[in-house]
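Spelled out, the chains give:
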Amino acid sequence: MIEFVQDNEERIFQALDQDVGKHPVEAYRDEVGVVAKSAKLSLSCVEKWMAPRKGDLPLVFFPASAQVMPEPFGVVLIMGSWNFPISLSLDPLIAAISAGNAVVLKPSELSPTCSSFLAENIPKYLDSKSIKVIEGGIDVCEQLLQQKWDKIFFTGSQRVGRIVMTAAAQHLTPVTLELGGKSPAIMDSSSNPTNMKVIAKRIVGAKWGSCSGQACIAIDYLLVEERFASDLIDLLAKTIKQFYGQNPIESKSLCKIVNKNNFKRLLDLLKDPLVEASVVYGGSVDEEKMYIEPTILLNPPLDSQIMTEEIFGPLLPIITLDDIYESIDFISSRPKPLAIYAFTRDEKFKKQILSRTSSGSVTFNDTLLQFLCDSLPFGGVGQSGFGRYHGKYSFDTFSHEKAILQRGFFPELEPRYPPWNSFKLHFIKLAYAFNYIGLILLLLGLKK
Amino acid sequence: MVKNSCTLAIKELKHWMMPEKAKTSLTTFPSSAEIMSEPLGAVLIISAWNYPFLLSMDPLVAAIAAGNAMVLKPSELAPASSSLLAKLLPKYLDCCSIKVVEGAVSETCALLEQKWDKIFYTGHCRIQIFYTLAPLQEAVGIWEYVGLGGNGRVGRIVMAAAAKYLTPVVLELGGKSPVVVDSDIDIQVATRRIIVGKWGCNNGQACISPDYIITTKDCAEKLVDSLKKELEAFYGKNPLESKDLSRIVNSDHYARLTNLLDEDKVSGKIVYGGERNEANLRIAPTILLGVPQNSLIMKEEIFGPLLPILTVSKIEDSFDIINSGTKPLAAYLFTNNKKLKQQFLMSVSAGGVVINDTALHLAVHSLPFGGVGESGMGSYHGKFSFDAFTHKKAVVYRSFVGDASVRYPPYTRGKLRLMRALITGNVWTILRALLGLS
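Chains as they are written, first to last, in the UniProt record's numbering: chain A, 1 to 448; chain B, 1 to 438.
Hints listed in this document are in silico derivations from the structure and should not be mistaken for laboratory results.
Hints may be right or wrong, so weigh each one.
[Said to hold, decoys possible] Interface residues of chain A toward chain B, partial, derived using beta-carbon atoms under 8 Å:
hint: 1; residue: Lys-37
hint: 2; residue: Pro-70
hint: 3; residue: Glu-71
hint: 4; residue: Thr-166
hint: 5; residue: Asn-195
hint: 6; residue: Leu-354
hint: 7; residue: Ser-359
hint: 8; residue: Gln-370
hint: 9; residue: Gly-382
hint: 10; residue: His-400
hint: 11; residue: Trp-420
On a predicted model such as this, the values are computed, not experimentally measured, just so you know.
Using N, Cα and C, we set each Cβ at its ideal position, and we do this for glycine too.
Go ahead and model the full structure; you've got the sequences and the hints to work with.
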C-alpha cells in the first residue's frame, strides 16, 4: 500500500483533479498522506494489535487464564465515497487487511477516474485472490448487498446508510456506518482580534478548504452572536479573497462540485426566495465547469432546506443568536452531528458544550484536525453513524474479539454440580461474593 | 450474577466514566485530546425467556450505569417473571427514565417502530412463532424475511427495524455450541462439566449450552458411559421426577424438541434417555450417538436437553465440521494436548471459547460476552457493558498559537513539501522540510 501510493502519487493527483478538481496539496493532505500514514502505522503496530490481551480473573476460578484474542471477521465489503475517493476507500482497506480479512472494495461510481484507477492498479500491488475491487453503480451495489458478508464498512449518506444496514440485517452482518450530518461551528466573543484572524482562516479552511464543503466533517453552518455577525462576515470575505483570489471560481485551490445532480441540488437550496435574499457574499456559479463560489448566507429561515438538510457544498449559513449559550439548545434540539467546532476560551462554555450536546467529536478552537489524530476514534453517533476507525480503532473495527477461558482439570469444586441442596446454594452465594474466607470456613464445616 | 454486575458497576463506574486521555502527535501540535464517554440516550432492551431475570436486569444495569433512559421489554414467554419485573422495578427505580413494557408480538412491533438510540436484543427465533412474525415483519416492512430459515430470524427483524433510524444494535443470539472431547483427559471431570453446562443450565435451554459433542470413534463409548453414570449421580434414576432439572418452557418448544427426536433418521440413535412427560412438559436428559449431519437436530440450535454425539476418525477433523456450520456463540474443547488447543483457538471462530470447562466465561467480567456472525454482534459484561451503552466522543483542544500557513490556500508546491513532512509527524522530516532541504 505504501509503495502503491508512492509510485502512483502523480497519477492519483491527476485522477482527483479530474473527479473533483482537487489541488495536489489538498490531495496529499486529505488523501495520499492519510493513506501513507495509516499504512505505516498499521505496519509498525499490527503485531502489537494482534496479540491476545490478558484478562483479570477472580481467585475463585483458579487455576485458569482469561484472554481476549482478536481474529478476522472473514470476508468484508468496503463501500467508499466520492468526496475522498482515495482515502475513504484505502484507509478502511488497510484496516481490513491488517485485521486479516479478505476484502471487496466498491469505490464510488461518482468519482469514476479514481474508481477505475483503483480497479486497474490495486491488483498490481495486492493479492487479487483476497482483495478485489469491483466498480459499478447502483445495480452493482444492490447485487453486492445481497451477498453474505462478515462485515460491511460504509461511508456515505444517511439515506444509503439505511439501505446498507437493512441489507446487512438479512445476514446479521455487523456494519460500520460513517455518515454525516450538519456539523456546526460556534464562535463566541472571547477571542481577541489577532485570534479572530486565525479563527476566520480555520473556518474558511474547514468549509471551503476540504473538497469545497463536500466533506462529512466540513462546517455546515455557523452560530454567532448577533453583534459579531457583520464583522465576522467581513473577515470571512477577506480571508476567502486571500485564499482564493478575487475570482474564486478560477482558483486552482478550490474543488468543483462533483456532478450535475449535486450542482443542481445546491442551486435548489438557494432557490427559496427567503434563502436567496439571505445571501450576503458570493453566490455566483459556473455551470459548465461546475463551480460554485464560496457563498455566505445570513439567517436563512430555520425551516428552509438549507437549514434542515446536510449542505455538503460551498454554502455557509450564519445563524445569529442573542446569547451564544443558546447555541447549545440549538444544536441539541437537532440530530447529532459528526463534528462540533467551538471557538471559545470560556472554560465554562466548553464544559457545557461537552456535557449538553452529543456528536461524533468536538474540537475546540480549530477544525478538521480530529481526523488526523490516530489515537482518537473517528465516527458518528445517532444519525451521523455508528462504529469508528483510525489508528487501532481501525484494526478493532475489522476484528472479532474472541473471549478465551482456559482451565485445568484440577481441582474440582463439588458444589458446582447437582443434586442441589442448601449447602451448595450457600457455597455459590459466597463464591459470587468472592468471600474466600467464608468459602474456606464453609468447606471446613465451620460455617452454617 | 445480577448482584455482581451491580457491585462491579458501583465500584468501577467513576473510573469507567472518566475521560481517557489520548496522545497527540507533532502533526497537530500544540493540542491535547481525550475520549469522553456519554450516554446514547433512550435505549430499548428486549430480553429472552430462558434467563428472564438475568437477561433483563444485566443489560438494564449497564444502560443505567452508562446514563441512559430505557424501556425494558421482558419476554412474554416467561410471564410470571415479566409481570414481577413490571410490578417491582417502578418501586425501586425512577419510572420517568426506566419503564417496563410487557407484551407480545404487537407490543414488540410498536416498540420497534419507535426511534431508539440503541437496541439491545437477547433472544432466538423459534419456529413456533413463525406465523406470529408476519405482523412484526409487516410493521417493519420486510416481507422478504418471511420464510427465511435458521436461527436469528427475530434478530434480523430487530436489526432491520433499527436500520430505519440508523440505530446501533447489540444482538445476543445463539447457535450450535460444539464441544470437542479429546482422548487422554480426565473423562469424569469433563463429563461433569459438560453435564452442568448442558442440563445444569436451564436443561439445555441456554444460549451457551453445549449443543453437540464431537469426539473420536474410540472415545465415544467411554464418553457415553461416563455421561450415563454422572447423569444418574446428578439426577437420579428417574430424571423426569428430578427437582434439579428445569422443565421445557412451553408446549410449542416441547413439540419442537420431540419433533427433533422423532425424525426417522434420528429416533433410532438414542443411547440414553428419551423419556418424556407431555403434561408436565418434561423431557429427560437424552444422548444420541451417530445422528446424520443432515438431520434436523444437527441443523438447528437444539436449545433443550438433547445431546447428539458425532464421531470422527481423528480429532482434528472436528474443526472442519464446526467450521462448516455458522459461527457459534461458544465453543468448548476438552484436551491436554497443547498443540490441539492452539489449533482450535486459531481455526475455530466463536463468540467465546472455553478450554476444559463449559459456560464459565459468562461469569468472567474481564471477558467480552457476545457472538460473531450468526451468533450475534456486540458484547457486554464488566466494562464492556458500560461501553455497549455509551458513545465515545473524541475531543480535541487547540489554541491559537502556532498556526501553520501551510494548511491554507493558495496552495503551492512548497506547501506540498511541508505538508508531506507534517503528516508524518516526524520531527526531523518536518525540520528538513522547513529548511527546504527535502
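Now the hints, each set against the structure:
Satisfaction of the interface hint for Lys-37/A is found here, the shortest Cβ-Cβ separation to chain B being roughly 6 Å, below the 8 Å cut-off. For Pro-70/A, the interface hint is violated, since its Cβ never comes within 8 Å of a Cβ in chain B; the closest pair sits about 11 Å apart. For the restraint placing Glu-71/A at the interface with chain B, the shortest Cβ-Cβ distance is roughly 6 Å, inside the 8 Å limit, so the hint holds. The criterion of a C-beta within 8 Å of any C-beta in chain B is met by Thr-166/A, whose closest approach is roughly 4 Å, and the hint holds.
Given the 8 Å rule on beta carbons, the hint for Asn-195/A holds: about 4 Å separates it from the nearest Cβ of chain B. The beta carbon of Leu-354/A comes within 6 Å of a beta carbon in chain B, closer than 8 Å, and the hint placing it at the interface holds. Interface hint status for Ser-359/A: upheld, as the beta-carbon distance to the closest one in chain B is roughly 7 Å, under 8 Å. A distance limit of 8 Å between C-beta atoms decides the matter here; for Gln-370/A the minimum to chain B is near 5 Å, and the interface restraint holds.
With a cut of 8 Å, the hint placing Gly-382/A at the interface with chain B holds, because the nearest CB-to-CB distance is about 7 Å. A distance limit of 8 Å between C-beta atoms decides the matter here; for His-400/A the minimum to chain B is near 4 Å, and the interface restraint holds. Below 8 Å, beta-carbon pairs count as interface contacts, and Trp-420/A has one with chain B at about 5 Å; its hint therefore holds.
Of the hints listed earlier, the one the structure fails to meet is number 2.
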